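Single-letter residue listing:
Protein chains: 2
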Amino acid sequence: MKTIEWKDGKVFLIDQRKLPLKYEIINCSTYQEVAVAIKKMKIRGAPAIGVAAAFGMALAAYSSKASTYGEFIQDMEKAKNCLFLTRPTAINLFWALERMMNLINIKKGVDLFTLKDIILQEAENIAREDIEINKAMGRYGALLIKDGDNILTHCNAGALATVDYGTALGVIRTAFEEGKKLQVYVDETRPVLQGARLTAWELTQEKIPFTLITDNMAGFLMYRKKVDLIIVGADRIARNGDVVNKIGTYSLSVLARENKVPFYVAAPISSIDMSLKSGEEIPIEERNPKEVTHILGKQIAPAGVKVFNPAFDLTPNGYVEAIITEKGIIRKPFEKNIKSVVNTA
Amino acid sequence: MKTIEWKDGKVFLIDQRKLPLKYEIINCSTYQEVAVAIKKMKIRGAPAIGVAAAFGMALAAYSSKASTYGEFIQDMEKAKNCLFLTRPTAINLFWALERMMNLINIKKGVDLFTLKDIILQEAENIAREDIEINKAMGRYGALLIKDGDNILTHCNAGALATVDYGTALGVIRTAFEEGKKLQVYVDETRPVLQGARLTAWELTQEKIPFTLITDNMAGFLMYRKKVDLIIVGADRIARNGDVVNKIGTYSLSVLARENKVPFYVAAPISSIDMSLKSGEEIPIEERNPKEVTHILGKQIAPAGVKVFNPAFDLTPNGYVEAIITEKGIIRKPFEKNIKSVVNTA
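So the protein lines, in turn, are chains G and U. Its first residue numbered 1, the first sequence is counted upward by one per residue in the working numbering. Its first residue numbered 1, the second sequence is counted upward by one per residue in the working numbering.
These aren't lab readings, by the way, just hints derived from the structure by calculation. Where hints are given, some of them may not hold.
Pairs involving identical chains hold if they fit within one copy or between any two copies, as the list cannot separate such chains.
Claimed, not checked - Below 30 Å or equal to it, Euclidean Cα-Cα: the simulated DSBU-like pairs (lysine-lysine) are:
#1 K260 x K225
#2 K306 x K226
#3 K40 x K226
#4 K290 x K181
#5 K306 x K146
#6 K336 x K181
#7 K226 x K39
#8 K225 x K306
#9 K277 x K336
#10 K39 x K78
#11 K180 x K306
#12 K226 x K336
#13 K42 x K290
#14 K339 x K181
#15 K226 x K277
#16 K107 x K42
#17 K260 x K306
#18 K22 x K225
#19 K306 x K135
#20 K207 x K290
#21 K18 x K2
#22 K277 x K7
#23 K65 x K290
#24 K290 x K108
#25 K65 x K332
Since the structure is predicted, the reported quantities are computational estimates derived from the model, not experimental observations.
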């Protein structure tokens with residue numbers, strides 16, 4: 001089973017709120033259900049929510065009762081707007097929705113019956129390309145991993161954050177498949193525990209050796225020279241190489257530089273937002289305080305306390321050693337090199 | 001109720017594993033029960049476990065069936081060794097046990113009946129002095145806090161980590177009692193959540209405004225200029241000013257320096273170990289992996305995963321702006337200034 005796939009007119013996905021204690025497949029038969037699944041983080045990870053949004057558009061297309069192109073595009077705009085508002089930070093969501101809308105505009109004139117199939121095909125393309133992209137990223141990124149390395153990762157940038165294979169974890173998988181001995185340190189990643197729940201689950205499945213730590217242990221491991229490199233994913237990258245990723249990433253990057261540990265970001269070109277001069281322009285989602293005061297439904301803090309709960313943070317480009325993409329490894333100066341890679345992509 | 005106190009021949013303490021959901025007082029009538037309470041972290045915090053150990057010695061004294069001083073000192077050595085082995089990092093434990101044993105040695109010749117009362121008196125002295133020390137520390141430390149400051153703290157260095165009033169939180173309390181407007185950012189402090197459970201509970205009681213965050217959010221808050229200073233406690237300080245404190249402290253100190261936020265440590269002179277050249281010599285306790293894989297009894301990670309769970313880390317003196325003690329604020333060069341403060345203490 002892939003993280004997300006289309007089957008028999010429905011979108012099937014692994015419910016990531018339930019892992020690792022329960023492996024449960026759910027399905028969505030309307031785009032509204034897909035929107036809820038994204039909002040509630042039943043599916044999460046920048047590339048995966050992009051694919052979910054694309055499949056959501058396919059559901060919207062098939063359920064449309066429009067008899068004219070004008071009516072149809074109205075229905076599709078409505079679905080796009082609904083999916084658009086699910087989460088603000090990861091750009092892949094907007095990128096996928098835009099790609100779907102562009103296609104619909106280009107295919108004006110095609111009969112609606114055929115157009116709906118073309119829309120589904122495009123969503124399937126995005127899903128298939130995602131896996132190819134991850135594998136290409138893996139091949140480039142694995143060049144940075146030496147036999148015997150200890151690699152630290154944060155959150156989940158694995159198969160569960162994508163359709164399959166993963167971005168940061170995809171790089172680790174490739175190195176492991178190449179026969180390199182390695183050990184992964186997994187940050188548990190509070191508040192939603194994507195590391196302890198999802199990355200730990202994936203690495204267990206893949207039989208890749210790992211050690212689980214709480215987020216506040218990572219710095220001390222680096223200080224003790226136990227970490228050779230760090231690889232994380234990204235939710236959005238500005239054209240200057242600033243990276244917005246899961247909360248805690250910034251801290252890791254500072255600790256990495258202080259301890260001379262190279263800090264890598266693995267992300268598809270579709271995560272780069274060329275319209276933004278710097279990461280300061282990327283909106284940072286703030287989520288429900290309950291994610292902090294409760295853990296898996298269990299209250300840990302006194303009732304009613306004030307909470308700050310940003311889901312992401314900003315890592316300035318200066319802390320990033322390189323960005324691993326499906327088109328190669330981008331090094332400094334980022335502004336210039338990102339531009340040239342994106343333009344040839 | 002104080003965090004720990006002696007009443008009717010027993011040691012009463014607040015069960016800190018149960019807070020904030022339950023406020024429960026337990027009592028120990030043997031030194032072995034005190035040892036278990038320390039080991040299981042029903043009582044924790046460097047100064048508090050020192051006091052617990054001293055009261056444990058008083059329980060051992062009263063329960064001794066010895067009829068000669070020779071037999072008595074054997075019983076007391078046995079109790080000391082049991083209490084000594086409960087936790088390895090905080091020096092206050094060893095300091096308190098040594099102070100009790102020294103007294104017993106000095107009072108050789110006093111009849112056993114009287115000696116037992118002298119031993120209890122000394123334990124009571126340690127407990128009473130702890131509060132006075134915290135208040136003195138508070139008065140010095142409050143000089144570092146300006147009206148309107150946002151103060152970040154980690155773990156719990158409050159009334160619950162001491163007999164009353166607290167070290168790092170004692171400083172914050174003093175500033176608040178002086179009428180300074182302030183706001184505290186509380187790190188939840190995984191794995192045992194002393195911040196979310198204990199510091200949040202104390203600040204709620206004291207009506208001091210605070211915001212709860214997960215540990216990995218602290219760096220981003222500093223980057224966004226939301227933190228004016230950091231104050232933490234200490235489990236042991238070497239004579240060169242290296243600080244061992246709750247895991248995550250090192251990371252905070254690095255992030256603080258990177259963002260030009262002053263990083264202060266508040267601790268009594270009894271937390272300074274003059275026998276150690278540097279913090280590298282301080283043993284770092286590693287605790288049960290279940291603290292990481294489970295939260296308040298609830299499993300969060302796949303079963304059987306490998307875990308690294310150091311309870312403390314080492315902050316090199318270079319990251320510490322100053323050490324707040326009951327004898328004044330110690331600044332750099334630490335080696336020289338610590339020596340002169342300790343010698344006049």
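Notebook entry, point to check: Taking 30 Å as the upper bound on the Cα-Cα distance, should K22 and K225 be classified as within, between, both, or neither?
Noted result: neither (36 Å within a copy, 41 Å between copies)
Margin query: My question is about K225 and K306: at a cut-off of 30 Å on alpha-carbon distance, are they close within one copy, between copies, both, or neither?
Written below: between (37 Å within a copy, 19 Å between copies)
Check: Between K226 and K277, at a C-alpha cutoff of 30 Å, which is it: within one copy, between copies, both, or neither?
Finding: Intra 35 Å, inter 24 Å, cutoff 30 Å: inter-copy only.
Checklist line | Status of K7 relative to K277 across identical chains (alpha carbons, at most 30 Å) | finding: neither (40 Å within a copy, 66 Å between copies)
Margin query: At most 30 Å between CA atoms: does that hold for K306 and K135 within a copy, between copies, both, or neither?
Written below: between (43 Å within a copy, 28 Å between copies)
Checklist line | Homo-oligomer pair classification [K2, K18; C-alpha up to 30 Å] | finding: Answer is within: at 16 Å inside a copy they meet the 30 Å cutoff, but 42 Å across does not.
Notebook entry, point to check: Is it within, between, both, or neither for K260 and K225, if the alpha carbons may be no more than 30 Å apart?
Noted result: both (9 Å within a copy, 25 Å between copies)
Notebook entry, point to check: Between copies, within a copy, both or neither: which fits K180 and K306 at Cα up to 30 Å?
Noted result: between (46 Å within a copy, 20 Å between copies)
Note to self: At most 30 Å between alpha carbons: which applies to K226 and K39, within, between, both or neither?
What the structure shows: between (37 Å within a copy, 28 Å between copies)
Margin query: Cα distance capped at 30 Å. Does K42 pair with K290 within a copy, between copies, both, or neither?
Written below: For K42 and K290, both the intra-copy (16 Å) and inter-copy (26 Å) Cα distances are at most 30 Å.
Item checked: Alpha-carbon proximity between K226 and K336, which holds within one copy, between copies, both or neither at 30 Å -> For K226 and K336, neither the intra-copy (34 Å) nor the inter-copy (32 Å) Cα distance is at most 30 Å.
Next item on the list: Could you figure out if K277 and K336 sit no more than 30 Å apart (CA to CA) within one copy, between two copies, both or neither?
Entry: within (12 Å within a copy, 49 Å between copies)
In summary, the numbered hints that this structure violates are 6, 12, 14, 16, 18, 22, 23, 24, 25.
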